[in-house]
Structure formats: C-alpha cells, structure tokens
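Chains as they are written, first to last, in our numbering: chain A, 1 to 302; chain B, 1 to 325.
Because the hints were derived from the structure by calculation, they are not lab data.
Cβ atoms here follow ideal geometry from the backbone N, Cα and C, with glycine treated the same way.
Errors might be hidden in some of the hints.
According to the in silico footprint, chain B covers these stretches of chain A (three or more CB under 8 Å from chain B) [what the hints assert, rightly or not]:
id	segment
1	142-148
2	165-172
3	249-263
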Amino acid sequence: MTDMTAAKPAVRVETPFQRFRAEFFESRIATAALIVFSSIVVLALLAPWITPQNPYDLGQVDVLDGRLPPGSEAFAGYTMWLGSDGSGRDLYSAILYGLRISLSVGVASGIIALAIGMMIGLIAAYMGGRIEAVIMRLVDLQLSFPASLVALMLVAILGKGVDKIILALVVAQWAYYARTVRGTALVERRKEYVEAAQCLGLSQTQVVFRHILPNCLAPLIVVGTVQTAHAISLEATLSFLGVGLPQTQPSLGVLIANGFEYLLSGRYWISVFPGLALLTTVMSINLVGDHLRDVLNPRLKK
Amino acid sequence: MSTFIIRRLLQAILVMALMSVIVFFGVNVIGDPVHMLVSPEADQAEIEAAIRRLGLDKPIWEQYLLFVKNAMQGDLGKSFIFGEPALKLIFHHMPATLELAFSALFLAVLIGIPLGLFAGLNPDSPISKGIMAGSIFGFSLPTFWVGLMLILVFSVELGWLPSTGRGETRSVLGFETSLATVDGLKHIILPALNLALLKISLAVRLTRAGVREAMGQDYVKFARAKGLSTNRIIFVHVLKNIMIPVVTVMGLELGSLIGFSVVTEKIFAWPGMGKLLIDAILQLDRPVVVAYLMIIVVFFVLINMIVDILYSILDPRVRLQDQGA
Chain A
1 MTDMTAAKPA VRVETPFQRF RAEFFESRIA TAALIVFSSI VVLALLAPWI
51 TPQNPYDLGQ VDVLDGRLPP GSEAFAGYTM WLGSDGSGRD LYSAILYGLR
101 ISLSVGVASG IIALAIGMMI GLIAAYMGGR IEAVIMRLVD LQLSFPASLV
151 ALMLVAILGK GVDKIILALV VAQWAYYART VRGTALVERR KEYVEAAQCL
201 GLSQTQVVFR HILPNCLAPL IVVGTVQTAH AISLEATLSF LGVGLPQTQP
251 SLGVLIANGF EYLLSGRYWI SVFPGLALLT TVMSINLVGD HLRDVLNPRL
301 KK
Chain B
1 MSTFIIRRLL QAILVMALMS VIVFFGVNVI GDPVHMLVSP EADQAEIEAA
51 IRRLGLDKPI WEQYLLFVKN AMQGDLGKSF IFGEPALKLI FHHMPATLEL
101 AFSALFLAVL IGIPLGLFAG LNPDSPISKG IMAGSIFGFS LPTFWVGLML
151 ILVFSVELGW LPSTGRGETR SVLGFETSLA TVDGLKHIIL PALNLALLKI
201 SLAVRLTRAG VREAMGQDYV KFARAKGLST NRIIFVHVLK NIMIPVVTVM
251 GLELGSLIGF SVVTEKIFAW PGMGKLLIDA ILQLDRPVVV AYLMIIVVFF
301 VLINMIVDIL YSILDPRVRL QDQGA
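Here chain A stands alone, though its shape is the one from the complex (with noise of 0.2 Å):
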C-alpha cells in the first residue's frame, strides 16, 4: 500500500471531480457512448450550417424530390445520402434538425422533473411526519402506473404542443426524481455531519441545500440520465402515435410516424434512418448512465 502511494504521489493531491473522472474513463463503451452522444448534440446543434437543406423552409423543399432512394441528387443539386421523405425534404436535414426538438424536449422536461422531484422529495425527508407520509403515498399512487401511461393520459386531456408534451412529461417523471431524493436524503440526515451542521446553528435552508443536498447529487444524476433518454424515447412514442408533436415541430418521432405508411410498400429509408438517429441517441445516454451508477455507487467501490 505504501509502495503504491509512493510510485503515485499524484494520487494524494487528486480532487473527487478527477477520481471520478478517471473512473469514468477506465470502460470503453462508457467512453465510446459519452463520445457518440456529445457528437450527436455537436451535430444537432450545428444543424443550420452543415445540412444541404432547411427543411422547413418551404422555399427550399421540392416535392418532386419526394421518397427518392438514399444516395439520389436532389434537384437543386446536392447529394440526398439518406433519401428524401414523402414531402421532399432531404432526410439527413430532417433528422438533424429533428434531433433538435427531441433533445431539447427531453432535456427540458428532464430539468424541470429533477427540480421539482428535487425539492418535492428532499421536503417529504426533511420534514418527515404527515407530509412526509401525504408525498410518499402520492409517489407510490403515481409510480404503479407505468410513465408512458400517465403521459398519454394527459396528451390525450392537454393535446398538442411542445409546451403540453414537456407539461406531461415533467408530470410523468417526478415521482422517479422525488423517491431518489428522499431516500438518499433519509440515509444523509442521520449522518454526522448533518448534526454538527446543525450544532453550529445554520438554519435549516443552510442545511438542507448546502449540505445534505450535495450529498444526494450522486444518485441523482444517475436517475437524471437514465430518465432523460426515457423522456426522449416517450415523447417520441407520443409523437409517432400522433399524439405528441405537430407536424410543425417535427421531432424524430414525427418523421417516424410519416414513414410509417411508405413502410409496407418497401421504401425503408424514411421511418429506418430517424429511428436509427433516435436509438442511437437513447443508446447513449443510457450506457452512460449505467456506467455512471457503477463508477458513483460507493457500495460497489473495490
């Protein structure tokens, strides 16, 4: 043991944040997945420079370019490598462009869920008693019904839109965020330092945010990953069910669905490569957050 501090002293002066991103470093799926992800939100984010097309823009849209094969020219000249949909739009925009709305609905609605569960949660474990009681049996009312079900039950009253989808969304997904909270939050109030905090008279605002909270970011962040690519993935169900977006704000799911009639009569490509832009995204995120519940998990640690 003393051998190995000596061979790396660098090891004593490391800071949490670079443990645990060496940690994170050691899988190469993780990394590969983390790699994949952030070029996915490079490229979405680009969108408006490096796609030969916007397709949204009706000027630039020519429906005689309609369900042409990958790889076909396009009118106007350009290459369309992944073939254009029933509307003439240029696939490898659309999915750029798709990939947009998807993300920031699935992080918007994962952001304001966490919140919410955050401070829901962390309440029910600090102030304990009824309330805490009242919170816990609303959560467990909640999570008996499966997410994708309560979402769709409150499009179906709400109806279209990006607001409603993230309204339902964010309604669909707290509960996971508030259950996490509260237990790692009951697990941390009893610890000793919570006390000496509270001996050294810091309200009870200081306490709970400054200190206790840190503390339960860990699992936190995995449940955050793990529930946006969940959103992602529902709000595209939603949308490919007609449900979800509008055809104005075409998210992946939206381009799915309006491939969905060209499927059976062979033309692929329409609802194929969105689906794959979408199980990619989903995909990452999801290796990640595993990985991350591995490396953040101390009961794991060797």
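Given chain A, work out where chain B should sit, using these hints.
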C-alpha cells in the same frame, strides 16, 4: 389476514375516488367540458341540452357528484363517431387487448426464464454475455421502433407473417379469439412478440439475478453434499425458489402490458382498446377518451390490489409490517 384485505380494499376505493377527482378536473376544469363532451357539429339547442344534462350550470361540487353518479351507472357519455355508449365500446374492444397482453406475458415467460436460467448458471460463457447485452437492447429500444422493424423484416422483406389486424377469429366461450385459428395465430405472433420484448428482458434479468443468488446459498450446498444431481438441484430446488418472485413481478407487469399495448395495437392495427383510444384522441371523440381513462385506472388499482394481497399470502412479513405501521 382478512383485516389486511379489508384495509387494502378501502385503500383501493380511496385511490379510485382520488383518480375520479383528477380525471373530472382534467376534463371539466382544465379543459372545456362543453367543447370536450359535446360533438363539434352540435347546434345551439343541442349544446344547451348537453349543458343541462351535464349540469354545467350547477356549482362545481354538484357537477362532480353528478359525474360520479353517472359513472357509477356506467354512463360516461356516448361516442360521437359510433353513437354508442363509450363504456360499451371499450368493453367490446377489451378481449382483443387482453388476448394480446396475455400472449405477450406467455412469450416473456417462455423465452425469458430459460435464457435467464442459462445466463445465471454460466455467467462467464460468451452466450450469456450475448444474452445480457441483448437484454440491454430490449430495455433501450423504443417499442414502436421494434414493431416497425418486425414489420419491415417479417412482413415486407420476408413476407412470412401478416402485419395488420387479428386475422380469422373464432368464438370460444363467448369471446372472439385469434388464438383458436391458424390464421389468427399467424397474426398475433408479431404484435405479441413486440409487446413482450421489454418483459423478456425483464424476465431474463430477474431469473439470472435469482439463480446467481440462489446458487451460493446453504440449501444448494446441502443438496450438493447430499449427492443430488445438478439437474435435480437446478430444476427442483433452485427453480422452485426463484419462481415465486419472478412470477409475481411478471404478473404485476400485466398492467403495464395493457398500457403499452396502445403502441403495439396502433402499429399492427390490432383492434383492441388501445387502438380505440388513439383513434378517439385523433378524432376528438372525447367521451371514449374519458371512459378509457376511468377503465384503465380501475384496472390498475385492481391489479395492484390483487398483487399486494398475493404478496401478503406468499410472504407474511409484508402483512406484519403493514400492521405495525
């Protein structure tokens, strides 16, 4: 025991009351009930008649009581499209959904448990690693996407299996079923497999974890020491012990299968209540939507209650804990 069941029943009634309040508020307060429950083609006189029938001129608590009273009598409005009571429509489409859900559950158990057993017994074999990687795919792939790929491969490219509808059905015990004819069976394979995919992954993981835990336990060591054959240990002793949690969890998943069937039914044009719901949402046939929501809530509350009671029978600790609280 009976106190536990009575308590659980009371809880279920409380949950249903709470959910009826939520659905009622969702439809009548957040939404515009006249707009939602009266056909868009209705003229002024019809709208006024509907307002009186729904009691929308009365105070809100009275409206709620009326809603509950009507719901208790099975009146959740008439479908605009079919002109039939919404509840009757849903019950009419329910057997197809249940048939699909049970077939999927059957497939999940049939495929998932043997694979999980193999992966649990040979954790280091490459086949096991393949099975576990496959189960990660099963969890990550969106159901609707897998459904599309199944159609593309098995219906469009290979032409082996049909992709839409139930096929030929035959009446068994008063219910039309696809399971009784060859054509019907061909039609149910793809949708059932699609719906089962997530649950196959779940069954694989549960069984594998159960087997790995059980193999290290004393009773297995004791059976080995007694000189029993490996097959007997696995199939009689281990399997019996891990089956209880696996089967219970799979049963609990029945509810989510019914919920998820919305997606599968839409893709494979399976005429169940999930497809009915999506069509109703798209055609603004709101009484059917409200009726579906109420039915699915009742379904879930019942399933959860039954599972809780089964748990308490299988595992007395649950019952004792609940009484202590």
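Checklist line | Per-stretch coverage check for the segment 249-263 of chain A, three Cβ contacts closer than 8 Å to chain B | finding: Since three or more residues must qualify, the claim that chain B covers the segment 249-263 of chain A holds, with 3 doing so at under 8 Å.
Check: Three or more residues of the segment 165-172 of chain A near chain B by CB distance under 8 Å?
Finding: violated (count 0)
Item checked: 8 Å C-beta test of the segment 142-148 of chain A against chain B, three or more residues -> As far as the segment 142-148 of chain A goes, the hint holds, because 4 residues have Cβ atoms under 8 Å from chain B.
Hint compliance for this structure: hint 2 is the single one not met.
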